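The listed protein sequences correspond, in order, to chains A and B. Using the numbering used here, you'd call the opening residue of the first sequence number 10 and step up by one each time. Using the numbering used here, you'd call the opening residue of the second sequence number 20 and step up by one each time.
Hints were generated in silico from the structure; no laboratory data involved. Remember, it's a predicted structure, so these values are computed and weren't measured experimentally. Quick reminder that beta carbons are idealized off the backbone N, C-alpha and C, glycines included. Do not rely on the hints blindly, as some may be mistaken.
[Claimed, not checked] No more than 25 Å apart at the CA atoms, straight line, and that leaves these computed lysine to any residue pairs for SDA-like: (1) Lys-264/B x Thr-223/B; (2) Lys-108/A x Thr-156/B; (3) Lys-230/B x Thr-156/B; (4) Lys-71/B x Pro-120/A; (5) Lys-151/A x Glu-31/B.
[Stated by the list, open to error] Listed next, the stretches of chain A that the computed footprint assigns to chain B, with coverage defined by at least 3 CB atoms under 8 Å from CB atoms of chain B: (6) 20 to 29; (7) 48 to 61; (8) 171 to 182.
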Amino acid sequence: MKTMITSSQELYRLESAYKENLPGLLAYARRFVPEDVAGDLVQDVFVRLWQSYRAFLNVPEGQTRQAYLFRSVRNACKDWLKHQLAVSRYEGETLYLMKQEEIDFSSRRTPREQEALLEAVSVQVGQLPERCREIFIMHYQKRMKSVEIAEYYGISQRTVESQLYKALQILRSELSEKDK
Amino acid sequence: MTEERKQSLFLEYIDGTLDAEGMEELHALTEEDPSAKEELFSLKELADAAMKGDEMSPFEKDRRAADLIRTVTGGRTLAGMRAREIFRYAAVAVVAAFLGISGAVILRRPGNDSMTVVETLPGAATSVTLPDGTSVTLKSASVLQYAPSAFDRRERTVMLDGEAFFKVVADPEHPFIVRTPHQAVKVLGTTFNVQDFKEDSLSTIILMEGKVSLDLLDTEGASVRSLEIHPGEKCIYDKTTGRMKVEKISRGEAAQDWNSSICYFRGESLDRIASRLEQYFKVTIEVDPGLGKEGGYSGAVSLGEGVERILNLLNYDNSFKLVMPEDGYYLLKATE
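Just chain B, same shape as in the assembly (with noise of 0.2 Å):
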């Protein structure tokens, strides 16, 4: 065999593209010369190693870990373990707050890995703020949740479950990442609004300062489309339609104050959304027995919409009709 051949097989061997005939050929040169077989692994390792093939985005390691998190535990994700523990935390919030203790409980979980989780109560806010100095608003039933001892190291990994307001430090070296349950956030440092209640049907993130790339996760956790938006944009995702647009958001939505303003609600129900509305507007509201007890309800609304705007925005679905027979009086009743 000549020089230029073995040259040609094993370069191809290394890159993989070597066809079966020439594999026949360079089997047949490695068993007769056992130093050309040692030749060619050891060229072969120093390519590979040329490769640098251990590099990878945040995002590829995330999506992978998910993967295999849901394998061990037949379908579950860490983020859903992380729920189901949250959930009991939340009926130690409740506690907290007949004691009088308002609006956020801070909890911390015991060992090395613990995760401090932030949880605001329906109607509350509250801000926090993060090792690294980034300060977070807090919305009405919303939930944040970092490890503080991992917080720093590459990147700064938060997850929320609800809507928050971020003004991130900028520190180039270690990006911020706003994990949700449909979408990845990472920025370097910038303002912005993200709101995605893991029951709503719709997703945003409002940016005001920076730069934000902005991958949206299908329901496997992979990546399926990124893209990055700009000051002064609204990214809206449909969660149901898969849909997702980028807007320009309107002056009043940029001055507005992020935690007067709107009111909040999440999975709850009608009586329950009836009896603050009837706080918020000094109104009287009053449902029909079989509809009240109906959860699900999840979504933003401006008060400055006007009760009965709102009262038609909850019938969406025409699942009761509103009769007012005066002034100041709200009556849902189901309809047949």
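Extracted from the complex, chain A is given alone in its bound form (with noise of 0.2 Å):
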């Protein structure tokens, strides 16, 4: 039997840093590679920290942490995307490439920036009007879909997507107003 030799103070270090860092990590590469592999590819990237940076433990917990887990999480998304690509020949080819452009779009936001994201949305959920508000919190948040929120109004499919299509554009450009 191998014996290996570790400060469990290390593995609590390693722990804690994953407990803190695991939602919103996983919640980035869900964005890009389905959901079961984003959990695999979020542990390997802490997997390898272990094996081959373990010094990385002793970054404080704050931005340069979270950019270069974010960072690598990234990367892990790509190298899986692009085997992804070699592999599936045709089929899903073209998910692939447009999901490896959208991951290097998302690189233009810093963590922190996202972070700020998400808080710029909920507050301007709440500005959207109402119909159009409610319609977009039952599909992106409760997860309805729009033919079951149709249903839920009496009203057709196409006017609940061009109500979350429209709910998105305002949000872009109420976002892009304040990016200014």
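Fit chain to chain and form the complex, with the hints in mind.
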């Protein structure tokens, strides 16, 4: 049997760094890769950290550390997409291409800015016209399908969709106003 | 492409429901018009931000963290590592006992992540007050651990191997969580008893007041079942069969003194148990030399059952023959 001597102090630090950053990293990865893959990739980042860059655990919790972790997860996702592209031949090829572009697009924001966006979106959602807001929340937060929302209000699915689209466009223009 | 077509392609891409054909169409559009690409990804980013995907239950977080630790340590869990460390401390505890410090020993490890470890010796019990005011009566041969630095921050988590009686101070903001090798018990403020010795095949939780939600963990640390128990109910989990049942507790059970009438043992040899029973019942118990050294008896018996019944309980697998040549004299003979 292989004996590995590790200080459990270090393990505790690994555990707490993981718990601290897991929800954000997972949410980030899920934007580009399937749910189960996201969990594995995030875990792999920490496993590699443990194996080859344990000194990282001494970096205090903060922007540097967070940025490093997000970058690592981003690279892991990119590698995964690249691999899928290589093995998939035709099936889903375009999706992987799109996701690669999307992940590159996402890198223009730092994790800190991403957090700020989250805040800003939740504020702006509150400012949407009433019906528009309700539909937006039902779909994106309560995960109701647009057909279910259509049934609930007794309106057409097409109306639901245009409300969702409108909501996203309003958010985009409001938030880009703010950026300026 | 019509605005309407673009709208539905965008929405389906955002939802992840776009089929291959639609994907081609969308890809063609975004290749042709970089501003459409920019628009699509911005909208997707906003929808993702609105989804607030970064909420996660503490149990889920614990489960994933346990998984990571197992992976990096090659199959071991942090709880297992902790157990090892406690083993070292247990030796210290025994020495302390000889010096005349009875019951529990509180040990603190240096450093920021220090864990407070409270361990009771067999036959002893002790009371501990946690930083939040919660009182814990730690029963015989049990280990309770918590990290004082992290205790209050989000949730109040303690780890238990053994048995303890908790009176939890209510605090809806910070759930109180008792983790044992097989279960996680989450409460807000309540009175309950948890018994889960690592080597014991049964674990029980008895609830006196309040409400307890119970997550049953599988060997991987994942939650496989969760349920709620109510005051006056007892949940018994059989770790070997995986069966779990909830039953009403008897009046006697509800009224019992949790420290006096029950004899606990944990991975002990027949010799050791026999000598304890001799003390309790003022009888003579002789154990065949071939049997006595075998360890591995864990459990709890009510002393009210009487010595004969307890000896029969110990003989559940017919590993010995109970002979009673005269009153107050018991002989445990090896079976061939």
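Hints, verified against the model:
This hinted pair checks out: Lys-264/B and Thr-223/B have alpha carbons roughly 10 Å apart, not beyond 25 Å. Proposed proximity of Lys-108/A and Thr-156/B is contradicted: the alpha carbons are some 55 Å apart, above 25 Å. Of the supplied pair hints, the one linking Lys-230/B and Thr-156/B holds, its CA atoms being roughly 19 Å apart against a limit of 25 Å. Between Lys-71/B and Pro-120/A the CA atoms are separated by roughly 14 Å; this keeps the pair inside 25 Å, and the hint holds.
For the proposed pair Lys-151/A and Glu-31/B, the alpha carbon gap of about 17 Å is at most 25 Å, so the pair holds. Under the rule that three or more residues need a Cβ within less than 8 Å of chain B, the assignment of the segment 20 to 29 of chain A holds, with 8 such residues. For the segment 48 to 61 of chain A, the proposed coverage by chain B is satisfied: 6 residues have a C-beta within less than 8 Å of a C-beta in that chain, meeting the threshold of three. Three residues within the 8 Å Cβ limit are the bar, and the segment 171 to 182 of chain A against chain B gives 7, so the coverage statement holds.
Hint compliance for this structure: hint 2 is the single one not met.
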